[in-house]
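Reassemble the complex: the two chains are provided individually, in unrelated frames, and hints are given to aid placement.
Protein chains in written order, with numbering that gives the first Met the number 0: chain U, 0 to 532; chain F, 0 to 313.
Calculated from the structure, these hints are not laboratory results. One or more of the hints may lead you astray.
[Stated by the list, open to error] Here are the computed distance ranges between Cβ atoms for each label pair:
| # | chain 1 | residue 1 | chain 2 | residue 2 | range |
| --- | --- | --- | --- | --- | --- |
| 1 | U | A308 | F | I160 | 29 to 37 Å |
| 2 | F | C39 | U | D298 | 22 to 30 Å |
| 3 | U | D179 | F | A96 | 33 to 41 Å |
[Claimed, not checked] Some chain F residues well away from chain U (every beta-carbon gap over 10 Å; in silico):
| # | residue |
| --- | --- |
| 4 | F11 |
| 5 | V36 |
| 6 | P77 |
| 7 | I106 |
| 8 | Q121 |
| 9 | A196 |
| 10 | S299 |
Treat the numbers as computed from the prediction; the structure is a model and nothing was measured. Built from N, CA and C at the ideal position, the CB exists for glycine as well.
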Amino acid sequence: MKKSLSLVLVLAMLLSMISVTALADDGWVELRVEAYDRTIAGFNVEDCWQLHYAQEHFGNPNKIKLVYVSIPRWTEGEVLTTQLAGGTAPDLCMTYNGDLINQYIEFDGLYQLDALLEEYGPNLKAFLGEDLLKFGQQDRDEDGEKEQWFLSARRLSVANVGNFIRADWLKALDMEKPTDIASFEAYLRAAKEANLGGQRTIPMHFDLYESNPLYNIVRFADAFIDFSQVTEEDWYAYSGLHEMLPGSKEAYRWFNKLYHEGLLYENFDINDDTATDSALLNGYFGFFSMQPDQPWRTDKNYQKEMEAAVPGAEWVSVNCFYNESLGKHLHDQYAANGLSIIIPKNGGATTEEKAIAAVKYMDWLAQPENMFMMQNGLEGINYLEVTADGIPTKVQSADAVPDANKMHAGDICFISNGLYYGSDEKNAAAIALSFDEKYQAAIVESYVHAGTDAWTQVSFSVPIQAETDYGAMIKSKQGEFLSKVVTCDPAEFDAIYDACIQDTLNVGAAELIEAQREAYLDGEFRGTFPGNL
Amino acid sequence: MVKDLRPNKGKFSADLLAILRDWQLYLMMLLPLAFYVLFCYKPMVGVLIGFQKFNPVGGMWKSNWIGLENFRFVMKMPDFPVALGNTLLLNFMGLIAGFPIPIILAILLNEIKSSKVKRTSQTLLYLPHFLSWVIIGGMVLQIFAPTTGVVNATLLKWGWIDENIPFLTEGWPWRITYTLVGVWQSMGWGTILYLSAITGINMELFEAARIDGANKLQQIWHVTLPGIRSTIVVLLILNVGQMMNISFDRPYIMGNTRVQAYCDVLSTFVYRAGITNAQFARATAIGLFQSVVGLIMVSSANFVTKRLGEDGIW
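Bound-form chain F, shown alone (with noise of 0.2 Å):
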């Protein structure tokens, strides 16, 4: 039963058409457009107690208005700028360590011919990303805690070290240490669209460039990357965008008192100038910095981008 659809009906009238066709499909649809509107636009009228003297049992609309006063009274605390460092720091280092690895994987994996080793490794790479940080932590303790950590107890015993690795103690190992645990439980799971926009490439282009004598790294540079070359590029702004959102768990987890300065990144310090006195006013205050630190980052990200002749995000 297909009904008439001509487009000389008029543009909305077609819409209504197109709507009433797969009822069913726009029905489905609700439920995900009302999380959104329910949990991410609906909220974000809080921002507002950003500006207030919240007091949650009056609410919002009861709350006195003070302008800009949370956020000077924030940003004017000495840990503000170091946590600021931090999370810009340790994002950074991420993006540098952890975002070349998953496309190098990707490309690993996809070369491998048979099917078992294939799905036995990526389900091995992937496992990581299922662990939860406190899992991890936990982990990390035990392989590089110092005397008692499986690394710094076994290169102690074998004498090739005198002292103890500082993994977790001291500032610059401890970033490293960060990084590095992160790219180890993200890498497998950062695989994924690589992998499927490789299967999208034409085959032909690989079987053309056999033809014409390229090796396979020849093939690798002149096929594949420059196939993925947008998903690549979209992967990058999202993640500059990203640049001011540092997780709770991760930095909290892994870090402790003996590199607080180093490990103190914005949303621990959120956690300590908001949360745990309950000045949820102050909190927003730094989420909203945050928000709009990183549209600034994702926008320019993306204008470049365009400058330089790729597609962006929008």
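Here chain U stands alone, though its shape is the one from the complex (with noise of 0.2 Å):
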């Protein structure tokens, strides 16, 4: 008995050991596409409403299967990273690690896309449209002619800072909104010392990226930088090592007068997201710095949670970091060019078959009717009304949604970062549309400050080798860097900054920097300098 019990167990084992693999083949193409996961409590992306439309209108009809695959927002780049390299990646894959893609084209990794965009995907290509095609041409095989390696979603709006001042402190302390660094200062001392956050009054906050720790910096500490000691081409080569420009030191010399004097988030750098959060929503910050549109978004309102904690609590947008070199408040933008699209060849496991149904999925989502279902979803349950431009109003929160209804435009409809209505007018105007009405005009406003003598983010038109080779040291770098800075004692601030940017120089910044110096003289840039503004 216990002998042929434990046959049976053993044959078990074996039997679980053999992956069972469905065996059909009646003309069905399965493809499995990239979905990013941001943990909407509810939602859940490889099974949604989202993807049950498309499998019905386009799947369907088309023969093929559609899979979306979840890959966390937040990791996606190195979770990516792991797939590609085993050969285990979704068929259609997105990414906004443009390194990543660099090399892979170089691996020959990829579906080239000249011929497949041809004859499969006139409408995605006629929605993307030239220019931004541009962005994932490269000439691998140095024949003198580009191809198309991957595809760039169209950001419709290029607006990236938002800057956030508490109204109701202004009123408190009767005060102007600030409109440049003395009198932001002047704020935050006020705020302080009238506590007008209770105990822990935290007047200034940023949030810090731990992959580009100054990546949110730079909006305040640009304002420092001495413009007439910078020429276009330092701009291109110090291209993220802003912190070595003429006039940076004061900057972070300023962070550190405010970290001193507590009006900074003394817990700045020690990566814990929910004691922020909490101290957000609880209202002890008097100025934080995201996104545009953060404080209002339908998944998570900042201002409305906040409220709920202190009655008159409220954000506005503020434009108080004025470069006096330049006698503008700078902001950056994004480039019109969204995540980056690939169709990997997996080591095979992606077949010209899934190829091509790949380039017809995104050919069906660029079809205007297509790609107003994805991003909108159903009228009395996404949306209540519908403007006589045809764009949705009464947009329903996250938590109003039932489950099964739940759905992320920019995550699934990737191929446009941004509500698409068919104009710029009607996207620009939509924009502010799909927030709850009360909080329209502050919304405008910030759209408005983020667009004010905006420099558009710099980017280069060939691989950068040293990027790839040093870029996560340089980075790891500035963290330790913008950590020691603001915290330091202030009469070792000068050695101790000497110090640090000789430590990124080190590890990697100064071939960085003859690197995109090169690549500025060659031409291969893209972006704005600011001085030409």
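In structure tokens form, the structure reads like this:
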């Protein structure tokens, strides 16, 4: 008895090791599409309304079985890196990690898209447009002509910077909205003295992304750059290294001063998102900086939640980072390209047939009526009314929509970054309309600020090898730099600042500067030099 | 149905017979064996990419060989010696603080007479082992963060301190926090082997010691400790062999940019130098380097132990 039982057990275990693959060959193709997962409560990206809609209207008629593969939004680059190496990535992938894509072009790991687009993607090509397609072109075979290796999503709103201040605090202090650094500092100090957020008042906070620690900081620090000493060439050569440009040192000295006066969030660099979030929602902060629409988003409404905790509390956009050398309130903005879309070969797992299906799927998404459904969902559920222009209004917040109808416009309809209604004017008008009516004026103001004296972020049209080799090392040193120069004893500031800059140069920033300078001199650059604004 | 297994049939056929007799057991063993072959031995071939300009698309057999270039590139990076030093120091501190505690704890647990109390304390001590470092990291922040952490907030409120204790924000205090949290997490789990070793000690020895007039402490010193000496030695050798290895999650989660120079270890360095930019060959090169040094260390520890008259692990 025992013997036969153990035999059964062994066989069962052996059987479970052999993966049973369903044999279905009736002309159907399975297309696995990457889908970012932001862990929105109740929203399952692998089984969502958008998937079922696309399956019914695109998949079934074309004999394509759509599968959405969930990948965490905030670690997408790392996850995709591993999956591509293992040949297990989805058939249609997207990423913000341009460096990764450059490498896979070099590895010959991607489908070339020229012929596929020509034959199966006329709507897609029209939607993206010639200029945007150029972002994804590189001359891999060095025949003097560039081939299409990836597609860039179309970014409808290039606004990036949202700086917010407490309207109720300004009122309590009887102060005007700050317009430059000095008046902003006065606001922070007055707020602290009056303890407007209670004992835990934190006048200034900014978000720190571990993967790129200075990304948000330059919004404030760039106000200190002395552009009389910065050439266009320097601007491109020092892209991503603004702390090394003339004048920047004073920015960090200013942060150091704020920190020691208790005006800056003390634990700004000790990552604890939950503590930060709760401080934000409980109204302890007098300033924070994120995306232009951040306080009022339907998936997480900071304004609404703060109001609930602190009656009368209100975020408004502020435009106070004035650069004296230029006489401008600088704001960085995105280039027209959104995330990058690729069809990897996956070591043969993604067949030519699937590559065709992938382009067909994107072509289907690019058609206005399909995009409208995939971005907006159903009237009466996801939104309640439509304007005369055909723009949905009274958009329901995520928690007001049943789980089965929850959706994420940008992540699933990934070829468009932003809601698309057919023309630039309509798209711009729609931005505010997709929010709660109460907040629309504040949102419009925030977008106006974000577009003031805006310079487009720098990128290069050739792969920068030094970025691949040293990028992560440099970013890590920048994080250390920020912590050290902000928290150090003011008397030691100069010495520590110089030492940290030297450290950053030593781990590869020197090579990066040279490579970027070379790319600039070769004319392989995109973006704006603020001195030319 | 006992088969004839007399040894005169030759060594080979005796082995074969033994297998035939207990074939079910051998069949059962196939699975763990397959596991080791598939997941521990087969991937070893992959270390070869450490010597290549690796192209994951073409695979190992289509990539170019570049000798020791990856090793040179990585070891020339200024962060490499820092990460190496931190790895050794943190592991050494972990060994000094963390090694004796499970032994002491096991002896204490063994002396508890009430089995209910004993079982409850054991379970409570094991629990932290099952917590993920992500959870522990969150707890550490709640407890030790400046100003808002429970410890600092309380002490500041009571006026016992004027300034925050920099548990997480300065080099040495961070190292000590890191080590002690590690000890807390693993000490209960570490007692398991010692407890079973203590159970294996012949009770008559304790009885004899008692008759000779030995008190509790003397019994522990002269009977319990010598009784588990071989277990202690084996675990010590294995621990020394792990000196070059450090987990990724614990330093990554407990670290922050303020103590970057103290919390950057080989695993986090490899993550930056290799994984984030798909530089798998470079990551492999460091991994191979770690393994070779680990092998040398464990061999030396074993050699020294044998010289000292202990059993060693092979």
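Evaluation of the provided hints:
Under the hint 29 to 37 Å, the C-beta atoms of U/A308 and F/I160, about 30 Å apart, fit the expected range. Remark: the range hint 22 to 30 Å for F/C39 to U/D298 is contradicted by a beta-carbon distance near 44 Å. Range check, U/D179 to F/A96: Cβ separation about 53 Å, and the 33 to 41 Å hint is violated. With a least beta-carbon separation of about 25 Å from chain U, F/F11 lies farther than 10 Å from that chain, consistent with its non-interface assignment.
For F/V36, the non-interface assignment is confirmed: its Cβ lies about 13 Å from the closest Cβ of chain U, beyond the 10 Å cut-off. Annotated as non-interface, F/P77 brings its C-beta within 10 Å of a C-beta of chain U; the closest such distance is 5 Å. With a cut of 10 Å on Cβ distances, F/I106 stays outside the contact zone with chain U, its closest approach being about 38 Å. Every beta carbon of chain U lies more than 10 Å from that of F/Q121, the smallest distance being close to 31 Å; the non-interface claim holds.
Listed as a non-interface residue, F/A196 keeps its Cβ farther than 10 Å from every Cβ of chain U; the least gap is roughly 31 Å. Every C-beta of chain U lies more than 10 Å from that of F/S299, the closest at about 33 Å, which supports listing it as non-interface.
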